[in-house]
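Colleague: So the chains spell out like this:
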Amino acid sequence: MSTSVSLPDQSTARLPKVSYLNKEYGLKSWLLTKDHKRIAIMYLLGTTFFFCIGGAMAALIRLQLLTPYGDLLAADTYNKVFSAHGLIMVFFFLVPVAPAVLGNFLIPLMIGARDVAFPRINLFSWYLFMTGGCIEVCMLVFGGVDTGWTFTTPLSTHFLNTQVVAAAMGIFVAGFSSILTGLNFIVTIHRMRAPGMTWFRLPLFIWSYYATSVIFVLATPVIAIALALVMLERVIGIGVFDPRMGGDPLLFQHLFWFYSHPAVYVMILPGMGIISEVVACFCRKRVFGYTAVAFSSVAIGVFSFFVWAHHMFIMGISNYSALVFSLMTMLVAVPSAIKIFNWSATMYKGSISFDTPMLYTLGFIGLFTIGGLTGVFLASLGMDIHLTETYFVVAHFHYVMVGGMVSALMAGLHFWWPKITGRMYPESLGRVAAIILFMGFNLTFFPQFILGYLGMPRRYWAYPPEFQALNVLSSAGATVLAIGYLLPICYFIWSLKYGKIAGSNPWQAAGLEWQVQSPPLTENFEQTPIVTHEAYDYEWLANQTRNEVPTVG
Amino acid sequence: MDSHTIAAQTAETAQLEHEHPSFLHHHFENLAQQREASTFGMWLFLLTEIMFFGGMFCAYLIFRNWYYSAFVAGSHTLHIWAGTLNTTVLIISSFTMAMAVHAAEVRHRVPLLRWMMVTILLGVGFLCIKGYEWHDEWVNHHVPGLNFSIEEFTHVNPAYPGDKPLAPDMAERTQIYYSLYFLMTGMHALHMIIGVSILTILLIKARGGAFTNGHIAPVENFGLYWHFVDIVWIFLFPLLYLISRHQ
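Just so you know, the sequences run in chain order A and B.
Going letter by letter, the first sequence gives residues 0 to 552 in numbering that gives the first Met the number 0.
Going letter by letter, the second sequence gives residues 0 to 246 in numbering that gives the first Met the number 0.
In case anyone wonders, no lab produced these hints; they're calculated from the structure.
Restricting the straight-line Cα-Cα distance to at most 35 Å, the calculated cross-link-like pairs of lysine-lysine (DSBU-like) are: (1) B:Lys-204 <-> A:Lys-22; (2) A:Lys-284 <-> A:Lys-16; (3) A:Lys-22 <-> A:Lys-496; (4) A:Lys-33 <-> A:Lys-16; (5) A:Lys-27 <-> A:Lys-496; (6) B:Lys-204 <-> A:Lys-27; (7) A:Lys-33 <-> B:Lys-204.
Please work from the sequences and hints to get the whole structure.
Modeller: Below, the structure written as C-alpha cells:
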C-alpha cells in the first residue's frame, strides 16, 4: 500500500511558535473569540457532544430491537428514544456539523481571506446553536417528546402530552444559527476571495458549501415559521393545522418538508465537497470534469427545492402533483450520478494512495451510491406505497446521511486534522477505523433494507418473531459501528499530545489552505495571497520550487 | 458636477482606501470590500425574511381560496381607516428613513438625527394604532384560541347589508382568517419593534457622530430593513383589509 504523506524530519520538526491555538489562553479567549478557526473548534466540541447523546439513543433503539417483544423499554419510552435520536442527530449533528465545523475552518483559508465576512455574527450563531441544543437537552431531561423528528400534525398539536413546544423551540433557535452561518458563507465566498481566486479556480469544496449555504438561507426560515405555527397551535390553538376549525394538517407537511427535504441535501452536499478534495489529493490528479462537478452541486441545491412532496405520496396529495414530484425526485439522481462518475473517472489512471481519508472516501462512494439508488426506488410512486414507513426508508436515509455524510466527515476530519491541530493522527489505526466503520455500517443497515422490503414498519417498538434474525444482525452491526466511531474519537484526542508533527503540507496537496503553517495563524495569511493556479493543479505542484504562494508587496 | 469636485472625491476615496480608519474591520482589505460585504449580507438577510413571511402568505393563499366568504366577513370587521392611516404612516416613515440615509451620505449630522428621530416616532405611531386595533378586536371577541365568538358572523354585518350571514361551519372558519391576521400583523409588528429598537441604538451612536464620518453602512443597511418591513405591510394591507370592499 502506497502512502502520500510526507512529514518533516520528526527529530527537528517543531510546531509553529505562534498559531491560532496558542495566541491567547483561557476560557474567555475562546468564548469571546471572533476567529473562525476557534469557532469551528467550538462547533466541533458542541456537535460531538450532541452526537454522543444521539448515539446513546441509537444504542438503546438497537438494544430494544434485539428481541421481538422489546424487553428493555416500554412502548412510549421507545417512542421518546427514537424521537430524541432523530431530533438530536438531524438538527444538532448532521445539519450543523459539516458546514459549521469544516466550513468555518476552511472556507476563509481556501479562498485566501483573513476571516469570514461577519466574525461577530459567526460567534453569535454558535451561541444560538448551543442555546437551541441546551433547550433540546432540557426537553429530554424533563420528559422528552414522542412525535418523531417530523412533528407530524395533528399528532404533535392535538394528541400528545409531551414537551413538543420545548422541542420545537430548540430547533427554532438553532435554525437561526443555520441561517446566519449560511448567510456568512455566501457573503464570504462572494466578497472575500483573494485576488486571482476566480470562481473556476475555487476548490469544489467551496462550490458545495455555497450550494449548502443557499439552502440554509432559503429553506430554514420556512421551518422556522412552520414550527412557530406548531407552537402557537399547541399554546393558544390558532387552528391553522386544526381540521375542526378549518385548518389543514397537510399544510404543515408541505411547510415542514419544504425545509426538511433541502435539509437532507445540507447533510450530503458538504460531504460531496470534502470527497472532491480528498479524491483529487490522493489520486494526484485534477478532479475530472471540474465544471460539471461544480454545477452539479448547484443543480442539487436547486432541485432540492422542488421535490419535497415525495415525503407525502401516501398522505393524500393529488395524483398529478405526485407524478411531477416523482419525476423531479428522479432528476436529482442525475447530478448525484455526475459526481460519482467524475470521482471514479478521477481515480482512473490516477496514482492512488490508500491513506485513511481515501479509505473513508471509497467507503463514501460505495455507501452513497447504494443510498442514492434506493432513493430512486422510493421516488417511484408504486414502490413508494409498498416501502414508505418501513425500515427500507430508514436504511435508505441512513445510507445517505450516516454511511455517506459521516464517512465523508471522517474523511474530511482525518484529511484536515494535521491542518487543524498541527499533528498527525496514527495512520494505521485510522485505516483500521475506516474499515471497521464501513463493515459495521453495512452490517447494521443492509439487513434493514431486507426488513423493510419484507414489510417491517419503522417506529414500532416490537416486531413479529420471524424478523428477529435480521434485527439481531443489525444490532450486532451497530456495536461494530460504535467501535468505528469511538476509535477515532480516542485517537484524535491522543494525537493532540502524542501525534507526529505534521508540517504545513503533509499530503502535498495543492489547495491554498496547505500553503500556510499548521496550525495557521489567527489572521491565516501574513499577507494577502495572489492566486495564480487552480486548487487541483497537481502538475503545477510537482514543480516543488515554485510551491509557495506569492504575496503582495 | 464640475471637475474640481470629482478630483476632490477621487482624492478622498483614494485616501480612504489607503488609510485604515477605525471602522475598517481587520479582516477586510479596504472599505469598499467591507461596505459591499455588509450590504450584500443585508440583502441576503432580507431574502431569508421573504421566505419567513412566505410561509404565512402561502397559508393565507390556500385558506383564502377555500374559505373566501369567511375571509370577506372577517375582513369587513376591521377598521379600514386605521389600516389606511397606518399605511400612510409607514410610507412616510420610509421616506424619512431614505432622507436619513441621504443625510448620512452627505455627512450632515443634525439632519441625520432629525430624520432618524422622525422615523422612530412614525414607527411608534404605527405600533400605537396597531395596538388600538388589536385591543378593539379583543373587546369584540375576535381572538381565536383565547377569546373568540362566532356570534357576529352568523348575522348580517350592519355596515355591509349586502353580505349574507355565514352558515355556522363557515362562521367557524373566520377563526382561520383571524389567526392569520394576528400571525401576520403580529410578526410584522415584531419586526417593527426590533426596527425601532435598532434605530434608537443607531440614533444614540449618531449623536456621537458615528455615521457622518463616511461610515454609513449601518444606516444604509438599516434603511433596507426598514423599507422591507414597510413593503411587507404594503402587501398585508390589501390582503387583510381590502378583501371585497367594493361590493
